[in-house]
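In case you want the letters, here they are:
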Amino acid sequence: MSKFFHLKFKFCYYLVICALAFGFSLTGCSSKKLSSKPTINVWHWMTDREAAFQELAKRYEDKTGIKVNFELYAPSDIYAQKVRAAAQGRTLPDIYGLLGEKRDFAAFIKSGHVADLSEVMNEENGVWKECFFSKALEVVEFKENNTYAILPGIYGAPIDIMNIQMLYNKKLFKKAGLDPERPPSNWEEFIDNINKLKKVGVPGLVSGWGEIWMIDCFASNYAFNIMGEDKVIATLKGDVPYTDPDWIKVFSLFKELVDKHALVSGVVIMKNKVAEQTFANERAAFAFNGSWCINVYDGMNPHLEYGVFLPPKVNRKNPMYIWGGGSSFSFLVNDRSSKKLEAIKFLKWLTDKDQQAYLSSQTKNLPSNKFALAEIPKILAQFADGMDSATHPSIWPVNEFPGVIEALGKGIQLILIKEKTPEQLAQELQAIKEKESSRIVSN
Amino acid sequence: MQIYRVKKTFTNILVHLLLISVSIACLFPLLWMFGSSLKTQATVFSDMSIIPQQPHFENYVTAWIDGGFGRYFLNSLIYTFTVVFGIVLVSSLAAFAFSRLEFPGRKAFFIMLLAAMMIPLPGSFVPLYVLMVKLHLVNTRLGYVLCLINVGLSFSIFLLKTFFDKMPKELEDAARIDGCNRLGIYRHVALPFVKPALAVVVIFNALNVWNEYVLALIIFNSKNLMPLQRGVMMFRGEFLTNYPLLMAGLTIAALPIIILYLLMQKYIVKGVISQAIFQ
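Same order as they appear, the protein sequences are chains A and B.
When we follow this note's numbering, the leftmost residue of the first sequence carries the number 33, and every step to the right adds one.
When we follow this note's numbering, the leftmost residue of the second sequence carries the number 840, and every step to the right adds one.
Same shape as in the complex, but just chain B:
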């Protein structure tokens, strides 16, 4: 009994040490980012403390004004909101169809969608840009949003389909007996069933869209349409980087996504656990 207790304590200590070191490794960059945002350009290279003795909170105001964060913040909010909504709507409908409906070419279409996941975005920049020019969607919000919805669909459909596949057939039958048509089953039965997966889709795509910059730079010609990351880039020069303002900008940019993650944390954990159980 004694040996068992010692063994258990020892294992607990090891596990906790491992978890603590992983947590530190995850949190340290965030802390360093926050600490550097409170330093000056000169002290960021000489003051090695995490939080400086004389914090320069005014860096946040300077970063907000100089980086034009007001406009970019609103743009990013609009893009994130519309793209995530678009992805959730289209991918949930498509995943439901792939999972629960029988139609010719179902497997082939699904494989095509999976194949799309393999194509890296930078590889398709030039053809995508030429297509946007032909559709007169270059330098428009609509063009950017449509591109991003397209980018996020493959993974989201794949994820949601695995959840829809596990939905008991009896639930669907019961809903049908209660008078639900296919769309009704999707809305009243299937969607609530995959709520944890939807949370994963939301957070994953929100994160992607919020941090997206490369496609925006290609599609937009006007800075008025650019997302938040453009403001952050203002502090990164070819040879000189203004680290305190860059870090302040990054902290501002990271905050909404951290808040979103904390709000949806419960669902994400549920989603991951239920997927593990399914598998």
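Isolated chain A (complex conformation):
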């Protein structure tokens, strides 16, 4: 018995040694070809863009002989850690995408990990710079006297952009006797449409309001519309209180939606993924969602007939602003890269009209190059039309305290479940705002 065990042990031992030797021999299998042309390495986290990037890399190699090696690292949270670790180890690639807030971006620039592209962007009367949507460029731009003390300049090239608008289901519109080509243009019409839809058993608006940033976005859109940009910025600066009647009017819109049963049930705890599923399965006539939804709906229900429109105005005198540009996807060039010039040339080519149109058609994302719009699908073009009305907290001169933003989102959720009134929320927000402001002053 022990002899048998001994033999078995010996056999397993040698088997494992052989496997080890085989395994490590594979380490050296990948031959490194010597080439006079450099290889540009690009890191990103966008799984859904990978195939299109590989195709574009092939086209670029055919055109210039320069190989571009796109490396995908998903999911995004781990990618963010990888980029930070690589920055510490000084092993960042030639081109990379950066995740995080503007202050992270600024920290990378200060540490010398990001090249300033301003000079190249402004060459030939700024041809490269002018091809982008200005809102997309603002995300990678640091202006004079910015709060991060970064030298003014453009530190990246946007690859595609996003914005958040309203969507409506054309089939359900027809069912309710509404014109499928005419979405509501103002708030009263919107509520009227919902009433008509309800009569034929169609629920009204769905959105992922279980996620606070979605509520913040909707409230911010209407704050800009109801009181105008200057007054919103004045509130952020602390010059206008949240108890101002205009702010109460903004919060009252949510109360009105609840009172008129205009929302799909459970919207207050709904994640955006579930909201997308609800709209795609035609269980809601309206949705408040971002341009990424085209891809999502296409996957969930390819036959969904829908249109895009700006959130209906409450105040017809002021323009309607939507959030856009801020969550754009940009590539940065490593300032320490030995192939910096080649990398910039590649980025210039990648953001050119033809490549942008190809990327857009393949990935169903909005191109950052405004000249590529003529060649993109209709629904994407509809989203792109809204870019003129886009704004984003990351480009505002001043931002709200995180505590106030959180209280605003949670407070609106409480209005949606009828546990708070707009007036109570306004008072609560003002109290938090004053507390946060006094803390800053005392520091």
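Treat the hints with care, as some may be off.
Below, in silico cross-link-like pairs of lysine-lysine (DSS-like), each with a Cα-Cα straight-line distance of 30 Å or less [to be verified]:
(1) B:Lys973 with A:Lys371
(2) A:Lys371 with A:Lys161
(3) A:Lys442 with A:Lys410
(4) A:Lys281 with A:Lys292
(5) A:Lys230 with A:Lys450
(6) A:Lys372 with B:Lys1034
(7) A:Lys228 with A:Lys303
(8) A:Lys99 with A:Lys377
(9) A:Lys410 with A:Lys161
(10) A:Lys69 with B:Lys973
(11) A:Lys467 with A:Lys450
(12) A:Lys175 with A:Lys450
(13) A:Lys349 with A:Lys372
(14) A:Lys371 with B:Lys1109
(15) B:Lys1062 with A:Lys377
(16) A:Lys380 with B:Lys1062
(17) B:Lys847 with A:Lys90
(18) A:Lys287 with A:Lys95
(19) B:Lys847 with A:Lys142
(20) A:Lys142 with A:Lys303
(21) A:Lys99 with B:Lys847
(22) A:Lys202 with A:Lys349
(23) A:Lys161 with A:Lys380
(24) A:Lys269 with A:Lys349
(25) B:Lys973 with A:Lys372
(26) A:Lys303 with A:Lys349
(27) A:Lys385 with A:Lys372
(28) A:Lys467 with A:Lys134
(29) A:Lys134 with A:Lys230
(30) B:Lys1105 with A:Lys99
(31) B:Lys973 with A:Lys95
(32) B:Lys946 with A:Lys69
Please keep in mind that the hints were generated in silico from the structure rather than gathered at the bench.
Treat the numbers as computed from the prediction; the structure is a model and nothing was measured.
Model the placement of chain B on the given structure of chain A, informed by the hints.
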């Protein structure tokens, strides 16, 4: 007697109901995963049946090809095999030493090892990466394997030591009388004695390594070196997830580990029972 029989039957029914519900809770996600892998992207949200009427087995072929599973599968096999072998070898030797040998600082070293168990891996990513860069082990299989062996050692040493502690001293003496040196005792007496614990170490670490992805993503720059989980991630987009292919990929990824578990089930149960008896 009658009351006793009724009471026993009632208890049996309760116990069985509990076990059945636990089994269903464990098996349902697996069944859902398998069922969803046979649906289309559109029907995965509308067809609520576990097994669809029109199963799309071609999802497995698409997942295998699109996810590049061939290469990643081989990589994962190599990593799992080498890491588990490394852990078993080092941890069994270390646990034997901690349990049966007397040397200065034995307790302090052991406490240090236990403390290492408390540090979560993500917390050490950046220093680990910088260390790997300095050792020129970034983007190499060796670097990844060494990191994973390091990750699995603490728990394995702790587990094996508790088993070695229970080995009768007489067995060791008998082996010594038969002419065994320390290494001989380890190989011929101690290792067979802790076979159930070794099975637990193997399955536990194999599972960890097979499902590992985060460290691989940090250490590797080349997709050619990535493990199987990278293929699975290909179907998870930032905003859109291809559920049928993701589920097909997960089913493919789960199969080897399920087979390994079934093969070693006997030892694992033995290991758990004997540990319970020891305690």
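Hint by hint, here is what the structure shows:
no.: 1; hint: B:Lys973 with A:Lys371; verdict: 23 Å, holds
no.: 2; hint: A:Lys371 with A:Lys161; verdict: 22 Å, holds
no.: 3; hint: A:Lys442 with A:Lys410; verdict: 36 Å, violated
no.: 4; hint: A:Lys281 with A:Lys292; verdict: 16 Å, holds
no.: 5; hint: A:Lys230 with A:Lys450; verdict: 21 Å, holds
no.: 6; hint: A:Lys372 with B:Lys1034; verdict: 57 Å, violated
no.: 7; hint: A:Lys228 with A:Lys303; verdict: 27 Å, holds
no.: 8; hint: A:Lys99 with A:Lys377; verdict: 13 Å, holds
no.: 9; hint: A:Lys410 with A:Lys161; verdict: 25 Å, holds
no.: 10; hint: A:Lys69 with B:Lys973; verdict: 28 Å, holds
no.: 11; hint: A:Lys467 with A:Lys450; verdict: 26 Å, holds
no.: 12; hint: A:Lys175 with A:Lys450; verdict: 43 Å, violated
no.: 13; hint: A:Lys349 with A:Lys372; verdict: 49 Å, violated
no.: 14; hint: A:Lys371 with B:Lys1109; verdict: 59 Å, violated
no.: 15; hint: B:Lys1062 with A:Lys377; verdict: 25 Å, holds
no.: 16; hint: A:Lys380 with B:Lys1062; verdict: 26 Å, holds
no.: 17; hint: B:Lys847 with A:Lys90; verdict: 72 Å, violated
no.: 18; hint: A:Lys287 with A:Lys95; verdict: 58 Å, violated
no.: 19; hint: B:Lys847 with A:Lys142; verdict: 74 Å, violated
no.: 20; hint: A:Lys142 with A:Lys303; verdict: 36 Å, violated
no.: 21; hint: A:Lys99 with B:Lys847; verdict: 74 Å, violated
no.: 22; hint: A:Lys202 with A:Lys349; verdict: 28 Å, holds
no.: 23; hint: A:Lys161 with A:Lys380; verdict: 10 Å, holds
no.: 24; hint: A:Lys269 with A:Lys349; verdict: 24 Å, holds
no.: 25; hint: B:Lys973 with A:Lys372; verdict: 24 Å, holds
no.: 26; hint: A:Lys303 with A:Lys349; verdict: 33 Å, violated
no.: 27; hint: A:Lys385 with A:Lys372; verdict: 22 Å, holds
no.: 28; hint: A:Lys467 with A:Lys134; verdict: 25 Å, holds
no.: 29; hint: A:Lys134 with A:Lys230; verdict: 43 Å, violated
no.: 30; hint: B:Lys1105 with A:Lys99; verdict: 53 Å, violated
no.: 31; hint: B:Lys973 with A:Lys95; verdict: 37 Å, violated
no.: 32; hint: B:Lys946 with A:Lys69; verdict: 58 Å, violated
When held up to the earlier numbered hints, the structure conflicts with 3, 6, 12, 13, 14, 17, 18, 19, 20, 21, 26, 29, 30, 31, 32 and fits the remainder.
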